[in-house]
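There are 2 protein chains.
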Amino acid sequence: MIDTKNRLSLRRLAIDTYRENVAYMHRDCPLYRTEGFQALTKLEVRDGHKGILAVLNVVDDTDIVGVEEIALSEQAFAQMSLPEGTRVSIGHAEPPASMEAVLRKLRGERLDADDYQAITRDIADNRYSKIEMAAFVVTSGQTGLDRDEILYLTQAMANTGKRVRWQEPLVTDKHCIGGIPGNRTSMIVVPIVAAHGLLIPKTSSRAITSPAGTADTMEVLANVEIGPKPMRRIVEARRGCMVWGGTANLAPVDDILIAVERPLGMDSLGQMVASILSKKLAAGSTHLIVDIPVGPSAKVRHMREALRLRKLFEYVGDRIGIHIEVIITDGRQPVGRGIGPVLEARDVMQVLENAPEAPVDLREKALRLAGRVIEFDPDVRGGNGYALARDILESGRAARRMGEIIDSQGRREPVPVGKLSFDVKSDSDGMVTEIDNLLLARLARLAGAPMDKGAGVDLCKKLGDEVTRGEVLYRVYAEFPPDLHFARELARQTSGYRIGEAVELPVHTFGL
Amino acid sequence: MIDTKNRLSLRRLAIDTYRENVAYMHRDCPLYRTEGFQALTKLEVRDGHKGILAVLNVVDDTDIVGVEEIALSEQAFAQMSLPEGTRVSIGHAEPPASMEAVLRKLRGERLDADDYQAITRDIADNRYSKIEMAAFVVTSGQTGLDRDEILYLTQAMANTGKRVRWQEPLVTDKHCIGGIPGNRTSMIVVPIVAAHGLLIPKTSSRAITSPAGTADTMEVLANVEIGPKPMRRIVEARRGCMVWGGTANLAPVDDILIAVERPLGMDSLGQMVASILSKKLAAGSTHLIVDIPVGPSAKVRHMREALRLRKLFEYVGDRIGIHIEVIITDGRQPVGRGIGPVLEARDVMQVLENAPEAPVDLREKALRLAGRVIEFDPDVRGGNGYALARDILESGRAARRMGEIIDSQGRREPVPVGKLSFDVKSDSDGMVTEIDNLLLARLARLAGAPMDKGAGVDLCKKLGDEVTRGEVLYRVYAEFPPDLHFARELARQTSGYRIGEAVELPVHTFGL
Numbered sequence: 001m002i003d004t005k006n007r008l009s010l011r012r013l014a015i016d017t018y019r020e021n022v023a024y025m026h027r028d029c030p031l032y033r034t035e036g037f038q039a040l041t042k043l044e045v046r047d048g049h050k051g052i053l054a055v056l057n058v059v060d061d062t063d064i065v066g067v068e069e070i071a072l073s074e075q076a077f078a079q080m081s082l083p084e085g086t087r088v089s090i091g092h093a094e095p096p097a098s099m100e101a102v103l104r105k106l107r108g109e110r111l112d113a114d115d116y117q118a119i120t121r122d123i124a125d126n127r128y129s130k131i132e133m134a135a136f137v138v139t140s141g142q143t144g145l146d147r148d149e150i151l152y153l154t155q156a157m158a159n160t161g162k163r164v165r166w167q168e169p170l171v172t173d174k175h176c177i178g179g180i181p182g183n184r185t186s187m188i189v190v191p192i193v194a195a196h197g198l199l200i201p202k203t204s205s206r207a208i209t210s211p212a213g214t215a216d217t218m219e220v221l222a223n224v225e226i227g228p229k230p231m232r233r234i235v236e237a238r239r240g241c242m243v244w245g246g247t248a249n250l251a252p253v254d255d256i257l258i259a260v261e262r263p264l265g266m267d268s269l270g271q272m273v274a275s276i277l278s279k280k281l282a283a284g285s286t287h288l289i290v291d292i293p294v295g296p297s298a299k300v301r302h303m304r305e306a307l308r309l310r311k312l313f314e315y316v317g318d319r320i321g322i323h324i325e326v327i328i329t330d331g332r333q334p335v336g337r338g339i340g341p342v343l344e345a346r347d348v349m350q351v352l353e354n355a356p357e358a359p360v361d362l363r364e365k366a367l368r369l370a371g372r373v374i375e376f377d378p379d380v381r382g383g384n385g386y387a388l389a390r391d392i393l394e395s396g397r398a399a400r401r402m403g404e405i406i407d408s409q410g411r412r413e414p415v416p417v418g419k420l421s422f423d424v425k426s427d428s429d430g431m432v433t434e435i436d437n438l439l440l441a442r443l444a445r446l447a448g449a450p451m452d453k454g455a456g457v458d459l460c461k462k463l464g465d466e467v468t469r470g471e472v473l474y475r476v477y478a479e480f481p482p483d484l485h486f487a488r489e490l491a492r493q494t495s496g497y498r499i500g501e502a503v504e505l506p507v508h509t510f511g512l
Numbered sequence: 001m002i003d004t005k006n007r008l009s010l011r012r013l014a015i016d017t018y019r020e021n022v023a024y025m026h027r028d029c030p031l032y033r034t035e036g037f038q039a040l041t042k043l044e045v046r047d048g049h050k051g052i053l054a055v056l057n058v059v060d061d062t063d064i065v066g067v068e069e070i071a072l073s074e075q076a077f078a079q080m081s082l083p084e085g086t087r088v089s090i091g092h093a094e095p096p097a098s099m100e101a102v103l104r105k106l107r108g109e110r111l112d113a114d115d116y117q118a119i120t121r122d123i124a125d126n127r128y129s130k131i132e133m134a135a136f137v138v139t140s141g142q143t144g145l146d147r148d149e150i151l152y153l154t155q156a157m158a159n160t161g162k163r164v165r166w167q168e169p170l171v172t173d174k175h176c177i178g179g180i181p182g183n184r185t186s187m188i189v190v191p192i193v194a195a196h197g198l199l200i201p202k203t204s205s206r207a208i209t210s211p212a213g214t215a216d217t218m219e220v221l222a223n224v225e226i227g228p229k230p231m232r233r234i235v236e237a238r239r240g241c242m243v244w245g246g247t248a249n250l251a252p253v254d255d256i257l258i259a260v261e262r263p264l265g266m267d268s269l270g271q272m273v274a275s276i277l278s279k280k281l282a283a284g285s286t287h288l289i290v291d292i293p294v295g296p297s298a299k300v301r302h303m304r305e306a307l308r309l310r311k312l313f314e315y316v317g318d319r320i321g322i323h324i325e326v327i328i329t330d331g332r333q334p335v336g337r338g339i340g341p342v343l344e345a346r347d348v349m350q351v352l353e354n355a356p357e358a359p360v361d362l363r364e365k366a367l368r369l370a371g372r373v374i375e376f377d378p379d380v381r382g383g384n385g386y387a388l389a390r391d392i393l394e395s396g397r398a399a400r401r402m403g404e405i406i407d408s409q410g411r412r413e414p415v416p417v418g419k420l421s422f423d424v425k426s427d428s429d430g431m432v433t434e435i436d437n438l439l440l441a442r443l444a445r446l447a448g449a450p451m452d453k454g455a456g457v458d459l460c461k462k463l464g465d466e467v468t469r470g471e472v473l474y475r476v477y478a479e480f481p482p483d484l485h486f487a488r489e490l491a492r493q494t495s496g497y498r499i500g501e502a503v504e505l506p507v508h509t510f511g512l
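If you're matching them up, the sequences are chains B and E in order.
According to our numbering, the first sequence is numbered sequentially starting from 1.
According to our numbering, the second sequence is numbered sequentially starting from 1.
Source of the hints: derived by calculation from the structure; they are not laboratory data.
Hints may contain errors.
[What the hints assert, rightly or not] Here are the computed distance ranges between Cβ atoms for each label pair:
1) B:Glu94 / E:Arg469: 31 to 41 angstroms
2) B:Arg104 / E:Val503: 33 to 43 angstroms
3) E:Thr86 / B:Arg319: 53 to 63 angstroms
4) E:Gly227 / B:Arg110: 49 to 59 angstroms
5) B:Pro30 / E:Asp112: 45 to 55 angstroms
6) E:Glu68 / B:Arg232: 34 to 44 angstroms
7) B:Asp146 / E:Thr468: 15 to 25 angstroms
8) B:Thr62 / E:Asp423: 41 to 51 angstroms
9) E:Glu353 / B:Glu94: 38 to 48 angstroms
10) B:Gly265 / E:Asn249: 28 to 38 angstroms
11) B:Arg104 / E:Ala387: 49 to 59 angstroms
12) B:Gly265 / E:Asn384: 54 to 64 angstroms
13) E:His485 / B:Gly246: 44 to 54 angstroms
14) B:Arg233 / E:Glu68: 33 to 43 angstroms
[As the list claims (entries may be wrong)] Beyond 12 angstroms from chain B on every Cβ pair, some chain E residues (computed):
15) Lys130
16) Asn159
17) Leu269
18) Thr286
19) Met303
20) Ile328
21) Glu471
22) Leu505
All of these numbers come straight from a predicted model, not from anything done at the bench.
C-beta atoms are modelled at their ideal positions from N, C-alpha and C, and glycine is treated no differently.
With the hints as constraints, model all of the structure from the sequences given.
Shown next, in the form of structure tokens:
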């Protein structure tokens, strides 16, 4: 409720509180006590018809906010878009209108398309506090989203930001749901597909909890922070690109929800599908290969879960007009040898350059994925994609296209691997029967990846390899002694490798 | 993970972020980009073995935080308890250990006593972000707490703060679950019970969403912000007191969770029971009367819900050693005539002074509650409490004790009612068959209560009263024209009264 007597002078505070609007009021401000404002009180700051919602922080320093002032965090001030010094009125805020739908979801109801539109619109407009966002995320994760709700959420999130249009009937993409270290297939798939002639404008993320995202690894070779216009010019010239997706403002509500889900370790299948497909829809993709790795330490651990996820992708994809092919792949171990930006970039370049030491698993997986993307081309006969992809790779055309893309984005100076290292060795004879994806990812992060580009883990042995006692399993690289120390401590507790007998090797029965 | 190379200079920032630790880092800080910190990233700020967790805000103003500094919000800085300028290391934080239990609750599991201890301990130690707190609150509200979980949560919350000990075998209290405007029975019950000789050290809350809490109304007559030591002296001298509970640090985690629940409009029965009883346990109560008003616009709308709530109170009370008697009362309309601090204080004093115009319903309800408290006295025969309470009231001993308590706490100058007012009149002849508690509470708040002590609503007609067209139903008081205007607008849309026929009067079948 807004009351015209409650007027304070507006001030901008250069604090970035992400998507939660924060208002700062001095503890001695006459409104603070008399209005019954409290910690976490949500205020409405209003000037005539224009108002924003913000959460209250109380300040004891008049250099930050005076007693007759109300200061707003960056985004809140920008949203208010009034000059500093404007007299604004302050009152208790009503919750955003769409919280009513969140409360219905809390009571176990299904929500409809309009509800999801209203919720994402209010979140995009910074009307939700972190508490309200968390309530939405938790209740969606807990009561579950049925497949229509996933569809509505996908569409609603895609509608909140920019939509890219490519004036072409066929805009391809590939996406892995993540969780497998190494696995930098995109950097091989994109130049192959682009060299074939299909459009593949790839935007990728940076690592959040992993030792490297495609954007981090590509950044070893080229600039990846490229705005929408230069990106379009590069894609027109090269048919493909590999840039960081953070600047594009595609489905921004997805980024906000991920920022809330991440600290909760929540990763429900429904939220994952909506997150991935809202981004693809906003990016203008028409044809998408989704890679779901399955394995004991992968995100998806059982075939039945992978199949459920596949059906969800297909259901939503069909209804938002994206042709989706889901490929279930071997997620029992890291793909390639290197884990960490420089080491992964090395693997990628070895494959593209047809080097004899190139990791076979990375090459094979990338060729199969590229082959499936190429088969989206109506002129390619079903089943011929792999051979076409292999020809493009072996002829050097993929490497050439990669070089052109790197030059277009801005080539970078080579970065060496970390100058410190230690080896982890086998303590027995036998066969490698298990490699823990999570442990190796954690080790690479401890060693400094992705922050230190040259830090990471280089695998010498993979599943099924015979080893003898004392033989090196992998080498850890770091730039700084404390990182090396922490990584060594962890590796001492557990190497992440199990050495056993051939019969213990888990059977892998799903395609790639 | 903490890395000794990531060192910044510690700075205190005079911003009160309540129970969420916030760390402020400059956007140009070398750690910001290279560490992959992001919005809502949770950091660990560490010096040797001592570390705190904090959520990141990014700052663009070197007056607030320099590029080589890390600034902490008030509570975070206090918790770190190191001088400004100390070089501290910064790293990504692991979630607090007890989040593992919250995630189990998210998956639908029951938690045990140790889990609730760990969760409340981490919350009390500011290790939870708002997002994590919201996840706990939402999942507890959504999956529900069984009665043992309510017990564990009650005990755990009582253990987080101070515990008051009264060196007496019988420490009485009364508590209403709220939701009924007026209803200031405590201010009559306390002097009666104290005059009888039982100990009744009453701490009350201020209004959060209501037009007045007992602390707001008592504050019209006396100082209520009284520290633990003076409070103890007052209680020793007078056998009772009526102070604001906010300074006592009793079950502080309860206050934190309420601050998170409030914006979500969550008020599950389990959380309500744990909230009330953890405070009573911490306050040293041994005997408690709980008042549950039931009515169509009360918090509890059906008798079956009231009975469920009664059993929960009894179950938990028995196990934490508090003797609880639950009384289900008439919640169909406000109790007394006044709504708002000054008007309610007037009603209370009329009852205590046996004034002929004193509201009969408030007097009767207070006498019955006081009688039940007095019957906790082993020397009082069951059923005799009411008569004893009435004797104490009619003899003037209650008024005298009230005067002594007011003098001990610090008497205040009388405050007049609001100088502006308007009347709401009946638009038909008939009988008052419905009064909407929620609407009248909202009207009183719009008029300025509890901020403006003299603002509020004064009821001239109650349920069952005959009215003629044009007769005044109630009068609204305000201090400021805009408040009066907003209240008048609402009252014009709906008066909150229904005028009908005698047969429509809802039957009231539950005791008081």
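Here is what the structure says about each hint:
no. : hint                                    : in the structure
1   : B:Glu94 / E:Arg469: 31 to 41 angstroms  : holds, 35 angstroms
2   : B:Arg104 / E:Val503: 33 to 43 angstroms : holds, 36 angstroms
3   : E:Thr86 / B:Arg319: 53 to 63 angstroms  : holds, 56 angstroms
4   : E:Gly227 / B:Arg110: 49 to 59 angstroms : holds, 52 angstroms
5   : B:Pro30 / E:Asp112: 45 to 55 angstroms  : holds, 48 angstroms
6   : E:Glu68 / B:Arg232: 34 to 44 angstroms  : holds, 39 angstroms
7   : B:Asp146 / E:Thr468: 15 to 25 angstroms : violated, 56 angstroms
8   : B:Thr62 / E:Asp423: 41 to 51 angstroms  : holds, 45 angstroms
9   : E:Glu353 / B:Glu94: 38 to 48 angstroms  : holds, 41 angstroms
10  : B:Gly265 / E:Asn249: 28 to 38 angstroms : holds, 32 angstroms
11  : B:Arg104 / E:Ala387: 49 to 59 angstroms : holds, 50 angstroms
12  : B:Gly265 / E:Asn384: 54 to 64 angstroms : holds, 59 angstroms
13  : E:His485 / B:Gly246: 44 to 54 angstroms : holds, 48 angstroms
14  : B:Arg233 / E:Glu68: 33 to 43 angstroms  : holds, 39 angstroms
15  : Lys130                                  : violated, 5 angstroms
16  : Asn159                                  : holds, 22 angstroms
17  : Leu269                                  : holds, 14 angstroms
18  : Thr286                                  : holds, 31 angstroms
19  : Met303                                  : holds, 22 angstroms
20  : Ile328                                  : holds, 25 angstroms
21  : Glu471                                  : holds, 29 angstroms
22  : Leu505                                  : holds, 32 angstroms
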